[in-house]
Amino acid sequence: MEFRSTIIKKQDVERIHEATLKILEDVGVDFLYDEVLEVFKKHGAKVEGHRVFISEALLNQALKTVPTSFVWKGPKSEVTIGGERTVVAPLSGVIEVSEKGEKRRVNSEDFIKLTKLHESSKVMDVHNPNIMVPLDIPEDKQRNYALATTLKLGTKPVIGFTTTKKDAVDSLYILKKFHETEDDCVALGIISTLSPLAYDKVMLESLFEFAKEKQPLMFATCSLPGATSPVTIAGTLATNNAEQLAGIVLSQLVCPGLPVIYGNTTGSCDMRYATPAIGAAETALITYATAALAQYYGVPSRSGGSLADSKIPDIQAGIEGSFTLIPPFISGIHMVLHSCGILDSFNLLSYEKYIIDEHLVAMCKRLAEGINVNDETLAVDLIKQVGPKGQYLEEMHTAMYYRKEHCTSKLFVKEGLEVWEKKGAKSAVDRAYEEMQKRLSKYKAPELTKEQEEFLKPYLTV
Amino acid sequence: MSIYQDIAENLMEGQTAQVRELTQKAVDEGKPAVEILNNALLAGMNEVGELFKEGEMFVPEVLIAAKAMNSGMEIIKPLLNDGDIKKAGTVIMATVKGDLHDIGLNLVSMMLEGAGFEVINLGIDTEPEKIIEAIKQYNPDIIGMSAMLTTTMKAMKEAVQAIKEAGLYDKVKVMVGGAPVNDEFAQQIGAHYSSDANEAVEVATRLVSA
Ligand code: B12
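Going down the list, the sequences are from chains A and B. Each residue of the first sequence is one higher than the one before, starting from 0 at the first, in numbering that gives the first Met the number 0. Each residue of the second sequence is one higher than the one before, starting from 0 at the first, in numbering that gives the first Met the number 0.
Next up, chain A with everything else stripped away, as it sits in the complex (with noise of 0.2 Å):
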């Protein structure tokens, strides 16, 4: 896809990526896992300790063989991560979820209601089994049981677990499993950064595991600047950057060729209090950047969606959202992770927030696709017909191309302020719910195999 953004110069690119190789070869990165440490000495980098130092080479050995884009299959519907289109995916692992003002703990009912809204969402791409943790479902059974739920109630491609070595083979094994494949991509591991610059055991072994079975990769860094990377935003992309590099050139001295992805949701830090805030400007910036990085390496990108860190559906919560979604759009980044209904710096969801945030995809692909210049949207011809003092209302081109020119949704408010009061007044919070209460009741479960239902029934057994 093409970066179209220029914010991030070329030549800020090359500074930011000379740091990087400086960095890896000076700096260093931890990995706290021995078996990584064989891999790179096997490979001729220097390894002191857990650190592990990266040479330019090395570096452009590995990049060579990740692959630019790779098909990631579902039970009945794929995506092609690293095409011309932006892969939509859910939030993940919120602590508490909101409605109508009311805030609660998570439980396996608002799993299943999330899965149920991805599955039926016209932006939603894929299915993620990591948004939440069923807290009501035997703690031994979790992981299982919401892997279980999503492919019992989803159809598109879905998210594995890494959160532990077992976690990770259970996911391996059942996904396969479920889509009766060897070698298609049907997982996808997030692997996260323990930043500054290392990586912790457990996710290390995560990623054997995947690799192992041949199943894609996201690398994923979450840094605060000022806490856990420098504070201003070129020394956080340099050790952003040098983390994920890291990560992949280790994915690619384990299984060359393995599909990665190049991924970065850090935003600013609030230092009044050293949290996270998501919802700013220089995520903006941040996610630019991630765009003009991997397309610089040749690696698929991917960013955080509508992140917000307002603790309601409100005008702070839209502006927060708006400004950290449109990025990856016009920047083409490749997947949207915590793309809708995030609030609280990925505490809390919002089922409000969730449809609207549906809408502002809409909206922030529609900008994205531009503006469509030809004859017969130039419409000269029809200018001439109608000519001055008439007007467009009757005629055909207006209905035939309105849909397509134009990106409108129910949700918002855009009648008379008198036609509004009448109708009850409602705001777009309002009819947020509404329309998910109208989107469940007309859900309807996928048809699964005999053998698909006879397979997950123990892992839905609790």
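Don't read these hints as lab results, they were simulated from the structure. Any given hint might turn out to be false.
[As the list claims (entries may be wrong)] Restricting the straight-line Cα-Cα distance to at most 25 Å, the calculated cross-link-like pairs of lysine to any residue (SDA-like) are:
1. K156/B <-> D135/A
2. K164/A <-> S193/B
3. K66/B <-> M0/B
4. K153/B <-> A114/B
5. K364/A <-> F69/A
6. K200/A <-> S1/B
7. K96/B <-> K112/A
8. K112/A <-> L148/B
9. K310/A <-> M0/B
10. K310/A <-> A114/B
11. K96/B <-> A226/A
12. K52/B <-> N346/A
13. K96/B <-> N106/A
14. K200/A <-> N120/B
15. K96/B <-> F207/A
16. K96/B <-> F69/A
17. K96/B <-> K364/A
[To be verified] If you want the footprint, here are the derived chain A segments under chain B, 3+ residues with CB under 8 Å:
18. 223–231
19. 269–277
[Stated by the list, open to error] Label-pair ranges, simulated between beta-carbon atoms:
20. G189/B <-> D135/A: 17 to 25 Å
21. L62/A <-> K135/B: 28 to 36 Å
22. A161/B <-> D135/A: 21 to 29 Å
23. T163/A <-> K129/B: 39 to 47 Å
Even glycine gets a Cβ: it sits at the ideal position worked out from N, Cα and C.
Given the coordinates of chain A, assemble chain B with the ligand onto it according to the supplied hints.
Quick look at chain B with the ligand alone, frame taken from chain A:
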């Protein structure tokens, strides 16, 4: 401006070298150490604390101010008597087993230190045995534990259990915090909850004076 004011103002700006120099100057001029402590260093730090609470000062600014204060403390410490510095208490801090988040843990530790507590920070991924060991070694007033994952909250519960089994629960107060932790959970496991670093200082102060 008095030299005390001068020290306090430099402290608030995090001017480590100036605070050191001015403190030395005050000592050389024959000012009593305890007066330098209370009227300059602690006065400056208290002001910093107030401004932080009001959102006027930022975390890194508070931390460099604390560093500046320490540079002055080093000079007057040998001149102070035993009772001059009031140690608020001793706290052992740890992120529980399986959890690697430590930004909140470190922030709470630093704020407690700023409020006069002695803090022993055991860091991330801490086994209950290590906490027990540390309690035996340091005899603290408070154990502070952090958990940021829904899945590691249970490690918090297990750690409290281990403290009870080791017969140490009556000797210490347990404080907990972290994004998924709340008051209800804290009460369930027999601990005291705080939602942020400021509240943590208030709760800790209350617990040691109780
Ligand atoms: C930064 C971060 C990371 C960094 C951690 C870096 C580090 N050195 O700490 C990295 C990238 C490594 C990371 C990794 C992971 N993370 Co993380 N992380 C966060 C994030 C964005 C911010 C946490 C933070 O530092 N906040 C800033 C500090 C200042 O605030 P705080 O920690 O809340 O602390 C304050 C209070 O809670 C309280 N407090 C805290 N501890 C204590 C202790 C005591 C005694 C007291 C009194 C008070 C107290 O006072 C503090 C100061 O005011 C949160 C989301 C969020 N908004 O909280 C997710 C989050 C906690 N992570 C999450 C997850 C899932 C993970 C990973 C599993 C995978 C992933 N998504 O990357 C791994 C897990 C690794 C592991 N085994 O622990 C989830 C948890 C989901 C869940 N339901 O459990 C969250 C909610 C994000 C999400 N939605 O996915 N993470």
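Status of the hints after comparison with the structure:
no.	hint	result
1	K156/B <-> D135/A	17 Å, holds
2	K164/A <-> S193/B	33 Å, violated
3	K66/B <-> M0/B	23 Å, holds
4	K153/B <-> A114/B	30 Å, violated
5	K364/A <-> F69/A	21 Å, holds
6	K200/A <-> S1/B	55 Å, violated
7	K96/B <-> K112/A	32 Å, violated
8	K112/A <-> L148/B	22 Å, holds
9	K310/A <-> M0/B	45 Å, violated
10	K310/A <-> A114/B	30 Å, violated
11	K96/B <-> A226/A	22 Å, holds
12	K52/B <-> N346/A	24 Å, holds
13	K96/B <-> N106/A	23 Å, holds
14	K200/A <-> N120/B	22 Å, holds
15	K96/B <-> F207/A	23 Å, holds
16	K96/B <-> F69/A	37 Å, violated
17	K96/B <-> K364/A	43 Å, violated
18	223–231	holds (count 5)
19	269–277	holds (count 4)
20	G189/B <-> D135/A: 17 to 25 Å	23 Å, holds
21	L62/A <-> K135/B: 28 to 36 Å	52 Å, violated
22	A161/B <-> D135/A: 21 to 29 Å	26 Å, holds
23	T163/A <-> K129/B: 39 to 47 Å	21 Å, violated
Violation of the numbered hints given earlier is confined to hints 2, 4, 6, 7, 9, 10, 16, 17, 21, 23; the remaining hints are satisfied by the structure.
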